[in-house]
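Make a model of the complete structure from these sequences and hints.
First to last, the sequence lines map onto chains A and B.
1 is the number of the first residue of the first sequence in the working numbering; add one for each residue after it.
1 is the number of the first residue of the second sequence in the working numbering; add one for each residue after it.
Hints in this document: simulated from the structure, not taken from any laboratory.
Computed from a predicted model, the values in this text were never measured in an experiment.
By construction, the Cβ of each residue, glycine as well, lies at the ideal position given by its N, Cα and C atoms.
Please note that the accuracy of each hint is not assured.
Claimed, not checked - Below, simulated SDA-like cross-link-like pairs (lysine to any residue); rule was C-alpha separation at most 25 Å, straight line:
(1) B:Lys112 to A:Glu124
(2) A:Lys13 to B:Leu120
(3) A:Lys13 to B:His43
(4) A:Lys112 to B:Leu120
(5) B:Lys112 to A:Arg136
(6) B:Lys13 to B:Arg27
(7) A:Lys112 to B:Leu118
(8) B:Lys112 to A:Leu120
(9) B:Lys112 to A:Ala140
(10) B:Lys112 to A:Asp139
As the list claims (entries may be wrong) - If we take Cβ atoms under 7 Å as the criterion, some of the chain A residues that face chain B in the derived model are:
(11) Ala59
(12) Asp91
(13) Met130
(14) Arg131
(15) Leu133
(16) Leu137
Read off the chains here:
There are 2 protein chains.
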Amino acid sequence: MAVDIYRIILLLKSSSVFSQVSTDDLRQVALAMEEERYLVGEHIFDQGQFGDHMYVLQAGRVGISLRTGNRSECLAELGAGECFGEMNLLDDLPRSATAYALEDVIVFALEKQRLRQLILRCPELSLGIMRSLSLRLRDANLRNA
Amino acid sequence: MAVDIYRIILLLKSSSVFSQVSTDDLRQVALAMEEERYLVGEHIFDQGQFGDHMYVLQAGRVGISLRTGNRSECLAELGAGECFGEMNLLDDLPRSATAYALEDVIVFALEKQRLRQLILRCPELSLGIMRSLSLRLRDANLRNA
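In structure tokens form, the structure reads like this:
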């Protein structure tokens, strides 16, 4: 169990969202996370659903796709250390996109209420999430231009 | 002076970023803000600059435009209560867009280090900023689709 917590803390340290969080606080985040596995092709969540978890990708690759009408477009391909699924935990709207396994994947899942508690207890986590959202918003605006 | 603080607190309460922040904490935010005025056509900040303030719009309308190559595109028109200029305070990159006065405007400006101090002291403010960034990211992704 100790090895697992250490492995999760190392993963979180490599993630842009969690990299500025102190190791003590990361230990709390790690203790609140649950490992989940998905086979290639499986959906982790679907656009339009109300979700209650955010995810940090430990192994494998995840695709994020957006469906509009009959068209589906790949927005991003994520690798180890990247976070996804946090948006609807922050704005209380349904999932804005679908996440699916491009390979067999292992993720660490963090439940919505736990995330909110951690944000309230650990402001450095907020700065990490804000920085990550801000960078993604820059990318999206540039793709629009 | 008391009237001014009260006016800023009311404005912040109407803003999606600050609406969940307690009145006591909003008082701290309001005390840290400075009023600035811009005439129609004046730039509040320019894309590519490093900025050190975020803004809450008190009166008038502000345009946000993105320049790519020789082309300039209007990304958004903002009205009273809306916030802008917070992105580069969070991700330490240059301004991602230009903000300019579509009419004579009055804004309240909050300095970067003050914003960070307030985020660290007041986690509800973080949740407000994250919700706002998340909603803007949804909009940008949908415009891309």
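Evaluated hints:
no.: 1; hint: B:Lys112 to A:Glu124; verdict: holds (15 Å)
no.: 2; hint: A:Lys13 to B:Leu120; verdict: holds (20 Å)
no.: 3; hint: A:Lys13 to B:His43; verdict: violated (39 Å)
no.: 4; hint: A:Lys112 to B:Leu120; verdict: holds (21 Å)
no.: 5; hint: B:Lys112 to A:Arg136; verdict: holds (20 Å)
no.: 6; hint: B:Lys13 to B:Arg27; verdict: holds (11 Å)
no.: 7; hint: A:Lys112 to B:Leu118; verdict: holds (24 Å)
no.: 8; hint: B:Lys112 to A:Leu120; verdict: holds (21 Å)
no.: 9; hint: B:Lys112 to A:Ala140; verdict: holds (24 Å)
no.: 10; hint: B:Lys112 to A:Asp139; verdict: holds (22 Å)
no.: 11; hint: Ala59; verdict: violated (26 Å)
no.: 12; hint: Asp91; verdict: holds (4 Å)
no.: 13; hint: Met130; verdict: holds (4 Å)
no.: 14; hint: Arg131; verdict: holds (5 Å)
no.: 15; hint: Leu133; verdict: holds (4 Å)
no.: 16; hint: Leu137; verdict: holds (5 Å)
Hints 3, 11 from the list above are not met by this structure, while the remaining hints are.
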